[in-house]
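Protein sequences, first through last, are from chains A and B.
Heads up: the first sequence begins at 1 in full-length UniProt numbering, then just goes up one per residue.
Heads up: the second sequence begins at 1 in full-length UniProt numbering, then just goes up one per residue.
Everything labelled a hint here was simulated from the structure, so no lab data went into it.
Do not take every clue at face value.
Stated by the list, open to error - As a list, the in silico PhoX-like pairs of lysine-lysine whose alpha-carbon atoms are at most 25 Å apart:
| no. | chain 1 | residue 1 | chain 2 | residue 2 |
| --- | --- | --- | --- | --- |
| 1 | A | K73 | B | K209 |
| 2 | A | K124 | A | K73 |
| 3 | A | K288 | A | K273 |
| 4 | A | K71 | B | K234 |
| 5 | A | K110 | A | K124 |
| 6 | A | K131 | B | K16 |
| 7 | B | K45 | B | K209 |
| 8 | A | K14 | B | K209 |
| 9 | A | K131 | A | K110 |
| 10 | A | K124 | A | K71 |
| 11 | A | K273 | A | K289 |
| 12 | B | K234 | B | K145 |
To be verified - Partner residues are not named here, just some residues of chain A that face chain B (Cβ under 7 Å, in silico):
| no. | residue |
| --- | --- |
| 13 | S82 |
| 14 | V84 |
| 15 | T108 |
| 16 | K110 |
| 17 | L270 |
Each residue gets a CB set at the ideal place from its N, CA and C atoms; glycine is no exception.
As a plain string of letters, each chain reads:
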Amino acid sequence: MSEIIIQTENLTKKYRGRAAVNNLNLQISQGDIYGFLGPNGAGKTTTIRMLLGLIQPTEGSIRIFGRELHKDKLEILRRIGSLVEYPSYYGHLSAIDNLEAIRRILGTQKSRIDEVLEIVSLSKEARRPVKGFSLGMKQRLGIAASLLGNPELLILDEPTNGLDPSGIQEIRELIKSLPGQHGITVLISSHLLGEIEQMANTVGIISEGEMVFQDTIQNLLLQSQHDMDLVVSEPESALWLARDLGFGATGTLRAGALTFPGMQDPEVALLVKRLVENGHEIYRIEQKKKSLEDIFMRVIGEGKTG
Amino acid sequence: MMIRSLSADFLKIRRKGIWFLVFLAPLGLVAMQALNFGIRFDYMKKQYADDLWGGLIDNISLFVPIALYLGCTLIASLVANVEHQMSSWKQLLALPISRSAVFSAKFTLCFILLSMSCILLSLATIILGLVFGFGSSFPLTDTIKLGFFPYFAALPMLALQLWLSLSFRNQALPVSLGVTVALVSPFAGNLSEWFPLNWPVMGYASPDKAWFISAGLCLGFIIMLIGLVHFNRKDVD
């Protein structure tokens with residue numbers, strides 16, 4: 001079991017009595033790329049702001065690197081790099097001066113500026129005023145800024161928001177390379193599961209301020225059941241036959257096709273065999289994969305009713 | 001830590017028009033008197049015949065309080081706006097630096113900038129007097145008093161404006177308040193001399209100037225502390 005980097009207990013933030021984040025128990029281990037998922041307004045940014053000490057929790061505790069955030073805030077922040085929502089920058093300054101303004105506070109080596117610019121491939125544009133940068137470049141500058149202090153933990157809030165596909169891919173590759181190369185733990189939030197799936201090994205899904213799922217990405221994918229669609233010559237009698245066999249209870253007839261949720265291989269084989277024996281003609285058997293978005297929506301839905 | 005933050009702040013205010021303002025204000029005040037004296041030089045020279053330097057300094061001093069109020073307002077707002085503009089607070093305050101250090105650095109920055117304006121005012125006054133041929137025995141102490149006594153008495157305004165400018169993302173409120181105060185301040189002369197808006201005038205002109213200057217320094221410090229405590233506690237959006 002690797003060391004736990006972030007642990008929150010019953011973390012709650014209320015705005016005028018309404019809980020934006022409610023009893024959140026977050027747990028992130030060293031070397032993880034933790035995908036923090038949820039629809040817009042679910043409380044992701046609020047949680048991240050609390051983790052960075054930007055806002056005070058109403059209740060609950062936050063431990064980072066095994067220390068209480070409210071007691072050792074500066075020591076903890078020294079080991080964290082962060083990017084919160086849309087990038088912060090000083091538009092009238094060049095990329096180098098933007099990083100220099102942060103470096104003066106961190107007190108790191110000057111050479112580190114060139115290093116982080118190299119990592120996010122902005123070295124060529126480093127002397128231009130940042131206000132002329134594209135959104136992707138600004139976002140990369142934000143990541144460069146977060147890496148400036150050689151952090152052990154990187155907290156990135158929606159780092160790919162508003163980027164084009166190539167920009168998203170660039171940032172994704174960059175983030176994936178971090179734990180391997182530098183042993184950094186990453187917390188990355190997003191409202192897109194498909195994007196997180198390609199980077200993260202652990203996910204936490206938050207909905208209306210509450211954690212509704214927290215486990216490895218493999219376990220999330222296991223939750224996906226596949227539908228089996230059959231197109232046959234006489235669908236109605238075929239459905240009766242399936243019900244006789246005992247697995248037609250959940251089967252439905254839609255637009256001339258039979259749909260059976262979560263059917264296993266032996267069951268498919270048995271059904272096909274019996275259908276052929278009874279003189280049905282089988283035109284097509286299709287496996288319908290549930291998309292990640294479906295899983296995502298279902299997990300969020302369960303969280304609401306549960 | 002405050003020094004680090006301050007050095008970052010000096011970098012951030014480049015090319016923001018802040019330095020321009022620091023130079024413009026004192027030179028503008030002196031240019032106004034250059035005009036005043038230049039147009040009716042013989043008349044003015046006769047009127048202040050027994051103390052030419054004193055006449056010049058008195059004429060400038062009439063406009064120093066209002067310039068100070070405007071200066072505090074604009075400098076505080078411009079300094080705060082550097083962070084507000086691209087919502088850099090969340091990035092800045094997630095760095096390993098205490099909020100007290102950030103706030104103190106901003107206050108120190110404003111204080112240094114306005115001090116430079118005040119030094120420039122003293123220098124420009126001397127230069128103008130020399131150009132007019134008021135004699136080389138210029139009253140150095142008086143010009144320095146002109147630069148700094150009203151300024152110290154106006155520090156509560158600087159502390160208040162910085163606090164408001166840092167607290168509100170929308171700068172309309174602090175700037176309107178500051179401009180209103182500046183415009184109203186000449187008419188506050190009818191009120192008690194202890195009314196705070198009169199302190200910069202009294203800090204230069206009153207025989208009890210030491211009291212008004214001390215009051216300014218104390219109240220300025222108290223308001224700064226209140227602002228600091230508030231800044232330490234507030235949530236950053």
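Hints, verified against the model:
no.: 1; hint: K73/A - K209/B; in the structure: 45 Å, violated
no.: 2; hint: K124/A - K73/A; in the structure: 36 Å, violated
no.: 3; hint: K288/A - K273/A; in the structure: 21 Å, holds
no.: 4; hint: K71/A - K234/B; in the structure: 17 Å, holds
no.: 5; hint: K110/A - K124/A; in the structure: 17 Å, holds
no.: 6; hint: K131/A - K16/B; in the structure: 13 Å, holds
no.: 7; hint: K45/B - K209/B; in the structure: 28 Å, violated
no.: 8; hint: K14/A - K209/B; in the structure: 51 Å, violated
no.: 9; hint: K131/A - K110/A; in the structure: 23 Å, holds
no.: 10; hint: K124/A - K71/A; in the structure: 41 Å, violated
no.: 11; hint: K273/A - K289/A; in the structure: 23 Å, holds
no.: 12; hint: K234/B - K145/B; in the structure: 38 Å, violated
no.: 13; hint: S82; in the structure: 5 Å, holds
no.: 14; hint: V84; in the structure: 5 Å, holds
no.: 15; hint: T108; in the structure: 11 Å, violated
no.: 16; hint: K110; in the structure: 13 Å, violated
no.: 17; hint: L270; in the structure: 59 Å, violated
Violated hints for the displayed structure, listed by number in ascending order: 1, 2, 7, 8, 10, 12, 15, 16, 17.
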